[in-house]
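In the order they appear, the protein sequences are chains G and A.
Heads up, the final residue of the first sequence is numbered 510 in full-length UniProt numbering, and it's a clean run with no missing numbers.
Heads up, the final residue of the second sequence is numbered 380 in full-length UniProt numbering, and it's a clean run with no missing numbers.
Treat the hints as calculated values from the structure; they're not laboratory data.
All figures in this text were calculated on a predicted structure; none of them were measured in a lab.
Just to be clear, a hint being listed does not mean it is correct.
Claimed, not checked - Here are the simulated lysine to aspartate or glutamate pairs, DMTMM-like style, with alpha carbons at most 25 Å apart: (1) G:Lys112 - A:Asp121; (2) G:Lys77 - A:Asp148; (3) A:Lys103 - G:Asp57; (4) A:Lys87 - G:Asp502; (5) G:Lys77 - A:Glu151; (6) G:Lys112 - G:Asp57; (7) A:Lys134 - A:Asp121.
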Amino acid sequence: MASQVDMFDCLNGGERQELGAHMSYALSNIHRALPCPAVSVARRLCFLSDSDGGGVDRLSGLPAALLINIVSRLPIKDAARTAVLSRRWRPVWRSAPLVLCDSHLLRPGQDKIPGYVDRADSDAVAAAVSRILAAHHGPLRSAFLACTYMDRDRPRVARWLQHLAIKGVSELFLINRPWPLHLDKHLPSTFFSMATLTRLYLAFWRFPDTDGLPRGAAFPSLRELGLCSVSIETRDLDFILARSPVLQNLCLEGHLFTKLRLRLVSHSLRCVQIHFSNIESIAVVDAPLLERLILKDMPLAGSCRINVGNAPLLRLFGYINPAKHVLQFGNTNVKAGTLVNAGAMVPAVKILALEVCFGVRKNVKMLPSFLGCFPNVERLHIHRKRIDQPTGRPNLKFWQEAGDVECVKSHIKMLVYHDFRGEKSELAFLKFFVERAQILERLVIVCANGCFNSMAEANSKVKTLFAGKKDTKCCALQVVESALGEGGIPWNYQRGSDFSHDPFAFIVQT
Amino acid sequence: MSESELAVIKPEALKTYIWLQCFDGSIQQVEEEVALFCPWIYREIMKNGTGSSKNHAIVLPERVNPASLSLILDYCRFHQVTGRSNKERKSFDEKFVRIDTEKLCKLASAALGLQLRPLVDLTCGALARIIGGKTPDEVRDIFHLPDDLTEEEKLEPLKNINDDPTIRLLNRLYAKKRKELQERQKLKDVQTEKEQKDERSLDELLCFINGDGGSRGGKAAKNKKKNKRRKDQAKNPAKANAEPANKEGAACVVQCKADNGNISRLPHQSPDLQDDIEYPFDEADLDDGLDPAMREEIDREVADFEMKLNLVWGERMLLEQEQRVESHVNKAKVQLTGAAAPDALAYEFFSCVQLREKGLIYAVFSRGTKGEIYTVAISC
Numbered sequence: 001m002a003s004q005v006d007m008f009d010c011l012n013g014g015e016r017q018e019l020g021a022h023m024s025y026a027l028s029n030i031h032r033a034l035p036c037p038a039v040s041v042a043r044r045l046c047f048l049s050d051s052d053g054g055g056v057d058r059l060s061g062l063p064a065a066l067l068i069n070i071v072s073r074l075p076i077k078d079a080a081r082t083a084v085l086s087r088r089w090r091p092v093w094r095s096a097p098l099v100l101c102d103s104h105l106l107r108p109g110q111d112k113i114p115g116y117v118d119r120a121d122s123d124a125v126a127a128a129v130s131r132i133l134a135a136h137h138g139p140l141r142s143a144f145l146a147c148t149y150m151d152r153d154r155p156r157v158a159r160w161l162q163h164l165a166i167k168g169v170s171e172l173f174l175i176n177r178p179w180p181l182h183l184d185k186h187l188p189s190t191f192f193s194m195a196t197l198t199r200l201y202l203a204f205w206r207f208p209d210t211d212g213l214p215r216g217a218a219f220p221s222l223r224e225l226g227l228c229s230v231s232i233e234t235r236d237l238d239f240i241l242a243r244s245p246v247l248q249n250l251c252l253e254g255h256l257f258t259k260l261r262l263r264l265v266s267h268s269l270r271c272v273q274i275h276f277s278n279i280e281s282i283a284v285v286d287a288p289l290l291e292r293l294i295l296k297d298m299p300l301a302g303s304c305r306i307n308v309g310n311a312p313l314l315r316l317f318g319y320i321n322p323a324k325h326v327l328q329f330g331n332t333n334v335k336a337g338t339l340v341n342a343g344a345m346v347p348a349v350k351i352l353a354l355e356v357c358f359g360v361r362k363n364v365k366m367l368p369s370f371l372g373c374f375p376n377v378e379r380l381h382i383h384r385k386r387i388d389q390p391t392g393r394p395n396l397k398f399w400q401e402a403g404d405v406e407c408v409k410s411h412i413k414m415l416v417y418h419d420f421r422g423e424k425s426e427l428a429f430l431k432f433f434v435e436r437a438q439i440l441e442r443l444v445i446v447c448a449n450g451c452f453n454s455m456a457e458a459n460s461k462v463k464t465l466f467a468g469k470k471d472t473k474c475c476a477l478q479v480v481e482s483a484l485g486e487g488g489i490p491w492n493y494q495r496g497s498d499f500s501h502d503p504f505a506f507i508v509q510t
Numbered sequence: 001m002s003e004s005e006l007a008v009i010k011p012e013a014l015k016t017y018i019w020l021q022c023f024d025g026s027i028q029q030v031e032e033e034v035a036l037f038c039p040w041i042y043r044e045i046m047k048n049g050t051g052s053s054k055n056h057a058i059v060l061p062e063r064v065n066p067a068s069l070s071l072i073l074d075y076c077r078f079h080q081v082t083g084r085s086n087k088e089r090k091s092f093d094e095k096f097v098r099i100d101t102e103k104l105c106k107l108a109s110a111a112l113g114l115q116l117r118p119l120v121d122l123t124c125g126a127l128a129r130i131i132g133g134k135t136p137d138e139v140r141d142i143f144h145l146p147d148d149l150t151e152e153e154k155l156e157p158l159k160n161i162n163d164d165p166t167i168r169l170l171n172r173l174y175a176k177k178r179k180e181l182q183e184r185q186k187l188k189d190v191q192t193e194k195e196q197k198d199e200r201s202l203d204e205l206l207c208f209i210n211g212d213g214g215s216r217g218g219k220a221a222k223n224k225k226k227n228k229r230r231k232d233q234a235k236n237p238a239k240a241n242a243e244p245a246n247k248e249g250a251a252c253v254v255q256c257k258a259d260n261g262n263i264s265r266l267p268h269q270s271p272d273l274q275d276d277i278e279y280p281f282d283e284a285d286l287d288d289g290l291d292p293a294m295r296e297e298i299d300r301e302v303a304d305f306e307m308k309l310n311l312v313w314g315e316r317m318l319l320e321q322e323q324r325v326e327s328h329v330n331k332a333k334v335q336l337t338g339a340a341a342p343d344a345l346a347y348e349f350f351s352c353v354q355l356r357e358k359g360l361i362y363a364v365f366s367r368g369t370k371g372e373i374y375t376v377a378i379s380c
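All chains, full assembly: derive it from the sequences and hints.
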């Protein structure tokens, strides 16, 4: 438990700097990835006045329910100002469920969370938040607090949480910012008394200790949980999953502080997103409703074991990286050359995303085995990953000699290849693919930014793939250039949990 | 795709229509699937079976006027088609609310009447976006709102965020109570002062004669009192030492802290003194010029509230320990729970309290770093 504190103290300057860099990267990621608050200061609508004039007050005549609805959609300052509009409006503010967004309290109010906040501004905003929580007696719909250095005054944060618990808040975003950062102190366990909480996002905290909690402590209405750079133990996370009967979305981001072994046991969980985190192992033990498992960017060295157990509805899985992830079924790891048997397959996956270093022999060899575990994939995304120094010459004949892969042969309809550079190893793989894929309908090749001098050059390289293809059924080919730098796919949680779209199909064209 | 499905079930010729009648008598017909998109109409059809012919048209609620109805039907017609993307729907909605404010208000009202929740939210959102960012004057201009608040009422939120009358009353109660305590204190001080003066002069003389410093005069006096005057034994020593501190305390500011710490650590201490901690409030609040009737009411309120407070203290749930709580505040709290005296209204910092069984009594008394009070009390 004390390891976190020691972690900071016993780091030397260089390591501390590296961790600091990771954390500021995590912070900017988090700000970008969070869902937006429902209320905005920027979206204004120009009013149109009726040409007849008449000057009749239609607005005050509306039923109270509508007035409350209107006021609850206003940013907090404007909502407070409605109290002086007229006699009819005076009581409305106090009973309207408000959205408290502390970025609106900055001068000038803004929607986006600022990257940097002055100490003075932070204190002013925190004081304003305290006053508002004390003065507004009505319910609070959601609280979006991300602009203050909360560790400067922990008792104040504890008071806020108690206010929020009493007001029956349903969405809470408590986003701390370093520095100071006291990850040795637990957050108060007031969250467990927020029975109406449906969405909770925490960043840069230490999760409350679940050891001493009473038996009834639970999250009965929690549907979405985001833990961003939160220091949390495995058993705490198990506790949360066990006590959240309707949890659908789980996001873990920037988990850098403790070793975590994720065990997914939940009868309601639908989508799990893990970004930029250092997770020791992920075991999908029993998740009958799990549809999406998204892993992205493991910053630190080391590998992560992924064990897929009971997940009959798992449709979307990615980004698996043979270099960093070890797929495991039962007790056996999937290795290069393993013949995959029926027990070690995940038949439900339809959309798969892989990150492969084509320059590394070992990784390339793993690819057929990995693909063999997912026999029914219809859409495949392959991201080419760069390596610093190539390890030996890639074996180009490997693909010519490779056996058939079930999904490639009979299921894949679309392949999207990201970060194409025209290297031999890549071309060898693509040739294998194009020749073996019998029902391929679309092939999209996204060229790395600035790699080719012209699209014609890229096109010509790609065309060579089709030279040997003797077959009649043609597939649509699309070659585009990516506008993004290497590995720079901005992510947000809503894209991951939007079940109507494929989150991997994100191509920014120049 | 949905169209072709419909075609299988319902050939074009047999498309059914629903008849709707507005409160002004006008009747119109509309395609069934469009009308069914409105929950209210759907329920009417299911419940009463009306709407299938011109004579048995569904009578719409009064707040749905014909203009709003046609807008609503346009909305339903667009959104009931399933194949549309979110982007298309959003851009339709954007254009849809670009109507003048009067129509918008009527539309919101009509949508509420027909229980069409998405449209209610859309119109209220649009009205909110019009109101947002504007000063109250501008808003009154746009919507022709009557300016019927007095200047004083308008200013209140700016001056005192706790503009709830209950809050103001309670604040006054406390201030009043404090004042009383203070006065009682002063009386005692005056008494002790008198006695002290007498004694001191004697003691001083004695000390001087004996060669002790002035500071020890008090203690010597104490000893002497113990030996000689049994009656005032309990009170005097405490008062002797407390008196200088009290004088400062009466002046009331945060600096009292250190002295108060001394007070609470004294072994002999009357209950009155314990609560004389600090009065970091604006003295101006006390001059409320209340008439006797109000005073009675206030006294009643105070008694009421303190009763609740005692209940609350008894059933207090687990709260987070303050990390910055000074030692004397803790001691005062302990004394409060034990004392349950009418003067036990010392506003120390205790956080939100929640009584689940008896509804919510939630009293937050806090003392900010500048000595402000956020006093919010709600009882139900």
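- Could you tell me which of the hints above the structure violates, numbers in ascending order? 6
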